[in-house]
Every structure is written in structure tokens, then in C-alpha cells.
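A.B. asks: The residues making up each chain are set out below.
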Amino acid sequence: MPLRPMLGELELQQVQRIDSDQEQLLVRHAVPALEGDFLQGLGRRATAFALDGVLTGPEVGEGLSSLREKFHAAEPVAFAADIATATRIDQVLIEAMDVREIAGHALRFEYAFLLREFIPPPQPRTEVPPLPPPPPPEAETGILEVEVIVEGQPEYDHSATTVTVEGDQADGIPLSRTLTQRSANIWRQQQFPPGSYTCRAVANAPPAMTGSAPGTVRAGETTRVTIVLRAGQVIATMFMIHHRFDKAFVEPCMRAVLRQVAEYAASHADENLLIVGHTDESGSVDYNQSLSERRARAAYAFLTFGRDRAAALAEWNELRRQRPSGVARTLRDSWGAREYQYMLQDLGFYSGNVNGVHDGATDQAVRSYQSERGLTVDGDVGDQTWPVLIEEYLTRANLTVAEDRFLANAGDACDGGLLKWLGCSERMPVNSTPRGQCAEPAWRPNRRTEFLFVRAEALPCTIPQPRTWDLPGPGAPPPWCLGPGSSATPCCFITRDPAEADKWLVQPSEPETVTVRGSIRFADGTPLANARFLLIDPDGEYLTGEHVCSAPKGEGIAGRTDATGAFAFTDRPRRVGVYTLEILEPVLARPADDPGVEAKGNVVCKRLDGSADFDVLVCGPAATDFTLVVEGAAEVGAAGSGNFIAIIAAGEEVLITAVTPAGSCAAPRSISWSGGQEVPEHGLQRRVGKDAITRQTVTATMASAGVTRSVEIFIVRLTLDVDADRDGTVEDGASGKDVWAFGVGRKGAIILLNCDNDDRPAGNSQIDHVNQVVDSASDIPDLASLVVRQSGALPAGVTLMLATPQRNQVRIFDARAAAGTALIGPAPLAAEATIAGAAADAVLGIEALQYPGPGFNGEITLQLLLRDGAAELARDTAVVRVAPWVMPSHLQPTEELYVVETGDNAGFVAELAAIAAARSILLHRTSNSDRWMQDTMEVGYSRMPGQSLPVVAKAVRRRGLRDFARNELLGGDYGYFEVSTPTPDNTFDSHGNLEVSPPVLVGGSNYRLGRIYYGDGRGSTPFNAEFRQFLEAQQVQKPFPIDTAWLAVGHVDEVISFLPSTGGKGFRMLICDTGAAITLLRRFRDDGHGSRTLFSGQAEQISVDDLRTELGGSAPGELGWANSFCQGRLNGLRATMQSELGLAAADILRIPALFVENPRSPRLVDPALDPVFDAHIPGMVNLLAITGTSVAETHLVLARPFGPVVGGSDLIEAEVRSLLAPLGYSAGQLHFVDDYQTYHLLQGEVHCGTNSKRRPHATPWWEQTDF
Amino acid sequence: MIEFIFQAALHGSGTTFLAAEAELIRQGQPASDFLAALGKSPNPWDQRLLEMLQQRVTGNADFAACLEFFEQTEQQTAPTAQGEPIPEWVAARLAQDFGGRVAPLLGIYLLKLEGLWPYWKTAGSLLYLERLGPREASMFLLEFVLKGESNQFRSLARKALLAKPDPGLLTEVTRRLQGAEETAVTLRQLAEELRSRQA
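Keeping their order, the protein sequence lines are chains A and B.
Heads up: the first sequence begins at 669 in the working numbering, then just goes up one per residue.
Heads up: the second sequence begins at 96 in the working numbering, then just goes up one per residue.
Just chain A, same shape as in the assembly:
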């Protein structure tokens, strides 16, 4: 039996036509170079079919209404029919729905449906792409992953965490490595040699944390080790120097490390220093105890020479003496030819190889030194020469570590002064020490002195008195207070194992690593091929190898450069630090990339940090000429003028280098300097600090060639200062002024649009920023300060300019004074101007010429430029921002009121005047036929630290009040502006359609100044585009549109308002509600007031019962229909406001309101057009809030609703009073005024007819960070 078609609940009667449409989905693939195509089926489209016919019956209307809802919502509808059975269609979408009532036939409709099979879309698939597989480990090695965890802190910042791995490789070779490849808390190292290791992690940032875990790496596998960090262990940050076999002498290359130690000590007042010497395992422990102490003592003397010269010299003079045969406990270190070769070479007297042989060159050097120092010239370095040589050697560094940087040697009422140094003998060999070759391996990394910086006041264990404590004696050595300790454990206080938590954990000060590469070449690129050399890394290891067990024990094994002069040690990364290259060939060499270092001999020191390789330049002939190259300053005048200028920046310096011709080298002492300061380890350089304003001549003389060259350095101080920290004062040289940022505590100065008219009383009608003068003394506070500070003379020909790329948005005056002259601005002014050199700081005035807007984000870049002719030498930049225009909300106290006297509204004005007078608020009245004061303007403000201006924005509106704001409000400290637009105004451009909410928190966004809202108009009549763009460009009150197109006037103030309130968020949103009015009318009826009249005395007078009857009419055009329609729109508005402002239902108060269709509603002419409505009951939401400093001092002026009066009381007024009472409003604060004839019947109410100026927000706009 055929089914009758059912669409939803509606039976489709009298089907007259069925068309169906089924399509295969084919895709065509052309066959290249062949005729014909492949067609690929991709399934079928949803089946479509059309049904036409006629419907009859009383139930049809309801069924069609239901279908229409589904049609509008594009929801699937159940469908049953033969055609559905055949095609298995049970749900359809209504693609088109055409229903017509047939004239002359009641309840008879023609219908035409276009239905489309509903095929549910597939569920979206969320496919997580598989992680790329990790690269397979190489067969010979494995991968080591170390995960470091801080319990309870998954987001711990591991940037200061160091992970090291130590242990034995599978072949027994020790390995010690710092891991560097980190991602979050996981360190990953590929190509890791198989072996058994201990992985250690140290987080050095206070509080220090440590942890360790074992791990075994296997070839071809990935090993994961997890370390849990725990706090508690004292970290000892370690610097180290290394020594020659059986020597305590501090070699010249180590001086750079000791300088680092001194600097670290000076800059880390919370850490104490302990110097600890070590030896390798060659020799007896007893002997090595003394040797380790000698090393520590030599270093201590070196580091304290600057403050205790005599003691240091005495120590070194004892160290240099020959050790008596068979004596182990001695301070004497038996220095000889090698040590004085080192010193003589460092001082520039010896350029031969340091080999410990007193040969002819050495003898000549000694004699030369003795001669120059006035000593007996005998070629013998003995008791006469040693002290002088030592003193000069130590003087070159002249280091000082203050006494208070050391631990105390004190306890039990004993004060031994400082704990200057300790020795560990051979008890702490490093992990890399070769094993298995001999019992007492020599190993330079063990021949070291460590400098341990700890946050501790005392040693964690008792230690024995050092063996050499009372040497050299006799005399009165300081007492030993610590101890007693065991002589077997002189080193009980330090460890490299985090598991030993009671000891100080040694951590290298620079754990970073580099790959060591280098070359030795001549200046023309010719390699020093196959040359023998030794290279020692910062840990003391000879990278070329060491004679570990056999003679010459402890000596390095020479390596050789390749054919290109290059060398490389890429087997593993090495530590960042000072490397020592000793070229075992008769050459003079220096670092290739450091021209400030003289070529002293065959030893070259260089710090490798990954920025450059260890490239060495072999010198040719001695230089006979040089030029001076200046860094950190710009040359002024013609090239070669010798005049340089440097702009002050604390801590920076100007470097002057004597550069010799390519290939030649300057020998030490060949160039003498005057002026400037010495640069450590750089005899060919001088420096001039930028910490002081100075004009200094630096001269270099090469006496041997008779060449003298000079440069003159002008160090000047130039800054362009603004109030970057927004405290109302311009700081001197503040940082962070070149980037503008919103937020509390952020940087960026502010300037005002100078849009008031301070000299209006003097007859000037121009807005202040229009003319090019400072408009009287009253105008000065409107100008922000800009200070140009200059100290120090400028060289001739150098000029100072002020410039901005935004000249059309700003004007700068040469003084922030009434007599200031405009320097920079729009034509005829220029974009830059010369600032006359002045001894005093120049305070300039700056004003903005426009608000932020499309194409101008409000930021102005100001540049102070130092130029030598056309060439720019330096610049200082400050960025300022034009203060935006901000709208105060109804929560801000009212300062002034505005109303129009139209001739017919005297009663209204008088009532308002009385209310204002009682609050001591000025009511500004003006006469005009245009009564809509709210619509003509919006009074906002603009603010910078120290100055705030009320600023009235003229609406894009050309009606009677168009000149009111400019003519009557603009004046001293009352700004004015208007937005230019090519489009004439429409009703949505009135400022009754522009309001702002109180401050709101929306999700995570804090709108401290509230959000602007406006009705966005209709398709043909939108809110003015230029004004909307202007509002958006202000940024700080993020605007949003709402739908007011259904209102004839279309203004937001007709239906929404905000009031201060007690409790809740401190405010409530009032919104019109027709349901509330209908309920109220029902209550009136129920209370027996059905015959009472509304709108008494007006033409529209009507009883409660009659009005209720009208509200029952639901046909289009009837009052019930109108209010149902409006409530639908109001519900939408309420939802939008809640969503955009983060409001809860409790934040909203519904005020009774009724609407009526406007007599010029488009729907009345063409039913297809949308209707528009006006307030039927005078709109009470459309109110004036005269806000005080509290809710109790706030008064509301509302339209009198003309409700039914019972016992002299207006029942609607009473209802509104009761609604507002919980918000803190007593009856005396609510003023219902009669606006019926003068405003209500003309489509407006109290708010439309008034306006106000309000106090700016307490929160500065620049603290806004959510936009």
C-alpha cells in the first residue's frame, strides 16, 4: 500500500508533482597524449526531489509553521513516502519552501518543497601524526638520554642545570663529558661510547640542587637515565689553573684564568673563595702534599699581590729557591731557566722557545733585562735578579682578591686569620686519569690548583693543618685553628659525586664545551705545515698526549700540523676556557684574530668559546710602522682626521689598537703608549673607558722606527629622555624607552593630543594643536617633556639633530615654555631639526596632532641623531604614544551636565536644574531647536601622567547642535575633536548609540576601562565606518556592536544602561523587558486596577484592561506581536551583553518596557521589509545617572512612565523604585520627570535629551593589557 508522504508531522496532501534528481559524483582523469578519459566514481550526491501540491485544513498552519522553523534552522526533518522507501531516505533537509495561500479559499495553501536527502557528515577525524622515529643509533655507539626531574615542579627552568657523565667506556678508557643538547628537561647525546657511567645533574641557581643516577650505554641502543634533583648540597663553583710537572709556577697563559677568579670574587659577594692545590700521582703522597700546597700558595700570592705585595713577593721568592735534596716538606719549588724564560718572554725580553735551557738567547735576554733594570749584568738569574723579575711578573696582573672573600681560619677562641689555601696532595685525581699503564701516572689535569667559590662560612669537615703552614719560617706564622682532622683526609670537604651530599660538590664555572680546531699560518696564508706543537686545554690535558709513565714523565707529546697548517681535536668536545699552544719550532706567533696581542715567542694563549678557532699567525719581520685603529668610537671629519667621538654608555670602552702591516708583528715593548689605560694581555692596545665624559689623546710611539701616531677621543653624553616609566618626571638616561608597552610597570612615555584651546579668552579660536605656537602659559601642562641631555664638547663639524618619522602626527617645540618655538612638525616645519649644543639639558615640549586611527597606531618614534656632515654617527631613540580618547562609564562621578532649552521644555529643564543644583553640579544650558543633547557629542578624556583633559568628541551628525561642542565647550583644558568622514550621517552615528560599560572581567581578559558598545545599524544604514575605526584604534576599551536595527531610532541608550550599585560587581546593567511590563499589567488587573488609565492626560490615554487586550493581538502590526518581536530582540541583546562583558544573570536588572511599531516602519509599506519600533511606555532605562562618589550619593533622572495612579502613587514608578532599592537607591535618589510631550513623543527620553562630563577612571589607560 503506497505511503502518503509525511514531512515531519505534516501530511503532504494532494501531491501534484514529484521530480527527483540523483547524481553520481565522477571525477575525470585525462590520459596524457591519449584520447579518452578515466572516470572515477566518488559515490553519489545526496538525492534531491521536489514536491508540489495543495494543502487544506486547520492543522496545516501549525504544521507549516513547524516546518518553517526547521527550514530556517536547516535542521533535518523526518520524511516518509514511497519515494523514501525506494531510496531508503528517512531524513531530509528542506532546501526551498514556497507556500502560498490561495485567494478565496480559507485554509488552502499551494506548496512547493525542494527536499534534499540528509546524509550526516562524517565525524571529524582527529589524527595525531605519528612521531617521527628517532634516528637509529649507530652500530658502534649508543644514544644516551638523561631526564632531570625536580619533584613537584614539572615546569622547572633547567637553563642553569648542568648534566655531566663520568665513567669508563667499554674498553676501560675513562670518559668525562658534559651534555649540551637539551630539550626541556631531557639531555640527549647521540654517538655515545658504550660503557658504564654515572650521570650527574646540578642545578646551580639558588637553592642549589643535585642528583645522580647510573646508566649503561650499549651499542645500537638508546639508554634513558632519570635523575631526581634534590636540594641541600653546597655547590662549589670551580675555576682552575694547571701546572707543569713538579712545579707550582703560574705560567703566563694562566693569568687570564686568575683574572677571571678575581673578577668573580669581586662580583659575588655572597660566595667565599678557597684555593686548593692538587698533584698527579707521580711521587709520594707525602711529597705531593707539599707540592699541592705550594701550588695553592703560589696562586694565593698571585691573587693577593695587589693588596699585600710584600707577602706575595716573599712567598714567590721562597718558591723559586732550590729544594734541598731529600726534603719533602718545603715551600721551595726549584725554579730555573724555564720559569725565568717564561717571565722574560712575558715581559718582552725573550722571544726564543721556552725550553728550560739557558742558551745564548736566554743569556742575552737576562743580560738585557738586568741592564734595563739597573742590575748587575752578569747573565745569572740569582738572588739579585729573581726578586725584581718576580715582582715585575706579578705586577703585570696586579690582582687583588679582598680578605673578606676568604673563609676564616678560626674556632674555639682561636683566630688564625684567613684560610688562604689548602693542599689535597694526589687524593683527588680527575676521572680522565689514565689507568693501568703504571702505578703513578703523570697527568697534567691532576696538576692543578682549584679556586672554589661556595656559599658557606666554614668547611663541612675537620681538616689537618697543611704541611707547609708554618713555612717558610722562622718567624711568627699565624696560628692554625681548624682541625685537627686526619692527615689521610686533607681533602674531605670536596667531591664530584652528588651522592656525597655532606661535601661541597665541585662544578666547573664554565661547563660549556667547544670543538677544538685551529691552524698555524703565515700572514700570506702559507701554512706552517708539519710543525710540532703542544696544545693544552683548560682542564690541563695535553690534547696531543702526555708521557704518563716514562721519561720525560709529565711532558707533553708533540703533535704536528697537517699540510695546510691545521690541527683539530674532534674526538670529543672540550671545555670553554683558556688554551695554551706551544709551537715547538723557532717561530714568533700570536693569535691571528687578535691584533692587540704582541708576538712574544712560541707560546700563544687563547680563550676558546666557540666563536672562533685557534688560528695562529706566524710573524715575519719585525714591524717598522703601524696605524691606530679605534673601536667603539666613530671617526669624524675627513678620513684619517684622528678625531673620534664616542657616546657614553657606562661600562663600555673605546679600544685603540696599534695594527702593524700584514705579515709583520710588533714585539713586546716595541710600542710605548701615553694616554688611555692598559688592556690586560694586549700590549698593542689601549682603552678609554666610557664611564666618564672626557676628551683624551692617546699616543703610540714605535721608537725603533721613529713613528708616533695619535688619536683624540671625544667621549660625550647624549641622551633623549622621556617619562618612560610614566611617573610624571623625565628620568636621566632611563632604559627601555625605545619600546612602548602597555601594562603596570612597563615602559613608554605618553603625549597628549593638544586639542583644547587655552588662549580662547584671548580671542584665539584655533584649537591649540592647529597653530604652531605654545598657546599661552596655560598650554604648557598639555605639552609632554622631552629632554635632550648633552655633556662634553662635540668635535667640529658634528651636529646634533632631533627627528621623527611621524612629523605629521606631532609637533615639537624648542622649549616647554610659552615662548617655545616649533621645531618639528607638518609643513612648513621639517621632520628634523638641529639642537644647538648646550651645556645644560634642553627641555623640549611635545604635543600630538591626532589621535590613534587607521594607519596610525599612536606611536611616535623620536630620534636624537649625531651626524658628521650627512653621515650618522649615533642615535638615541625614544618611543612615545599618543594618549587615546577614553570614555568614562556611568560609574564615574558626574562633573557637569548639559541640556538644550527648546522653548517647549522649560519644565523638564527646571526639574533637571533643581536636581543638579542640589548636587552642586553645573548644568550647562544652550538654546537650540535640536533637543537631542546626548546625540550630538560624547565627553571623554585623554590622560598622560600629570595631566588629564576632558575631550568632547563631536558626533558625525549635521543637525542643529552640530556646533555646540566646539562653540560652547572647547576652551582652556576642555578638548574637542571630530572624526572626518566622507559619508553623511545617519541615526546610528548619534552618540546616544555609543556607550561604555563599567570595568569588566571577561574570561581571562580584564577590561579595566570597560568596553564600548554601539548599535551597528542596518545593511543600508551602518554605523559610521570611520568612527568605528577610530574607536578600535584607541585600543583600551575594545568596542563591540550590538543589534539595535529593530529600533526606529536605533540607539543603544534606548534599551540598555549601566548604574553603580551596592553589592555584586559594583554595578548593574538595566535592560528593557516587555515581559516584565506585561506581568506588571496583569498584576495591576489582579489587584483590581484594570480600569485605571496609563498615559493619563495624554492623547494616548488607555486603561490597563484595554492595553492588556491590545497586547493580546498577535497579528503583525498588533501590539502583542510588536512586543513579542521586541522581546526576542532584547533577549538577543541580553545574551550578547552577557557574552561580551562576562555578565551573570544577577548582574542584570530587567526594567518594564513596552514598544509600538513606528508609523514609518518599512514593514507597513512592504510586508517583506523589517519592522521598527519606538518606546510605548516612556523608556525608563533611557535615564540620566548623576553619579556621586558612592551609590548613596548617586541620583537617577528617569522618564515619568505615566502608569496607573492609585492613591496618588504611579504604580509603574513604584515598581521601578522597588526594583532599584536593592541596588542601594532610595526613593529620594530617583527623580521621575515628565518628558512625555517634549521628548517621548519625539522618540527620545531623558538620556537622549541630556549629556554629562564625568571624572576619568582611577585606573590609567596605559595599564590595560587585554585588547
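Check before you lean on any hint, since a few could be wrong.
What the hints assert, rightly or not - Which chain B residues face chain A? A few, computed with CB under 7 Å, are given here: (1) A117; (2) T175; (3) G178; (4) W184; (5) A187; (6) R188; (7) A218; (8) Q247.
Think of the hints as simulated: they come from the structure by calculation, not from any bench.
Quick caveat: nothing in here was measured; it's all calculated off a predicted structure.
Heads up, the beta-carbon is just placed ideally off N, CA and C, and yes, glycines get one too.
Model the placement of chain B on the given structure of chain A, informed by the hints.
C.D. replies: Coordinates of chain B only, in the frame set by chain A:
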């Protein structure tokens, strides 16, 4: 003299146009004779303007009623907060009361008076033209799309132009585009020559 006034109406806009039109109307028969003697203009726009002026001078009742409707509406809405009628209502009323008969008037006024007219008159007239068939409206709308001052109104005109299918529109647009391209080529050549002379 009449020719001078006519030229002012032809080329002027805003108050100049209104004054010239008013003067032609005031002159009455002489002006009518003058306009009739001008014959058919090869420029369609000029021809439409000429015809409109002829009807204004001879007293087209629909035109007068339309302008009266505008004036009354303006007076009635001016004191209200809204201050103006809704353009859709205006358009619907014009279509309802006049059909397409006032299109020749409003089509010309749109361009001539855009700078003077309040928002509702311009928007209302454009929406009115949108309601009419292409034959009555397309030429005016196209002219406004090309010469209107306000982007917003030009956009309304464009939307109106595209609202109903007009088979001849593409031909006309193509013809105008060709003319514009020829003009561009000429200007480019001239600019090149000027640059080379300056160099």
C-alpha cells in the same frame, strides 16, 4: 543666457545645479523651447539629464509629488530623535506611490545632489532604484557606482546593480572599460613623453 543656465545644470552639482534647475523652471516656456531645440544628445547621460530637465520645466506631476514627499518627510522627522526616515521605508514608499516614474528624476539627483542630500535621501533613492527593473535603473546605478563620492553609497549602488539580472549591463561595462583603458594608454604615453622631456 538659457544656454548658460543649461550648461550650469549639465555640468554643475549641488547648489549650482539646483539653482540652474530652478532658473530653468522659472523661465518656463523659453527654457522648454531651448531644451527641445537641443535635439538628442549622443551621450546617454546628458540625454537623460536633458529629458529630466524638460520634464521639470514642463511640470512633471510625479516629479513634483516625489519632491513634495521628500520635503514633507523631512519636516515630519526632523524634530525626532531619529531625525530621518529609514531608507527602506523611503524606497518602498517611492516604489509604491510612483512605480518607476520618478527614476529619471532621482537617478539624476543622486549624482547631482549627493554632496547636499542627507543620508536617507541618497540611500533611499538607491534602494528605490534597486527595486526597479534594469531598464529603468541600471544606467543611473552604474553612473553612481563610477562617480559617487561616498564609498558606502557606491557600495549600495553596486549591490543594487547586481541585485537583478541585466543582460545589457556587461556589454555596457565592457564598453566603458575599453574606453577607460584607451584613456589610460593615452595618459601613460603622455606621461612618458613628459618624463623624457624633463630628463
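A.B. asks: Now tell me, hint by hint, if it's right for this structure.
C.D. replies: Hint-by-hint comparison with the structure:
{"no.": "1", "hint": "A117", "verdict": "violated, 23 Å"}
{"no.": "2", "hint": "T175", "verdict": "holds, 5 Å"}
{"no.": "3", "hint": "G178", "verdict": "holds, 6 Å"}
{"no.": "4", "hint": "W184", "verdict": "holds, 4 Å"}
{"no.": "5", "hint": "A187", "verdict": "holds, 4 Å"}
{"no.": "6", "hint": "R188", "verdict": "holds, 6 Å"}
{"no.": "7", "hint": "A218", "verdict": "holds, 5 Å"}
{"no.": "8", "hint": "Q247", "verdict": "holds, 5 Å"}
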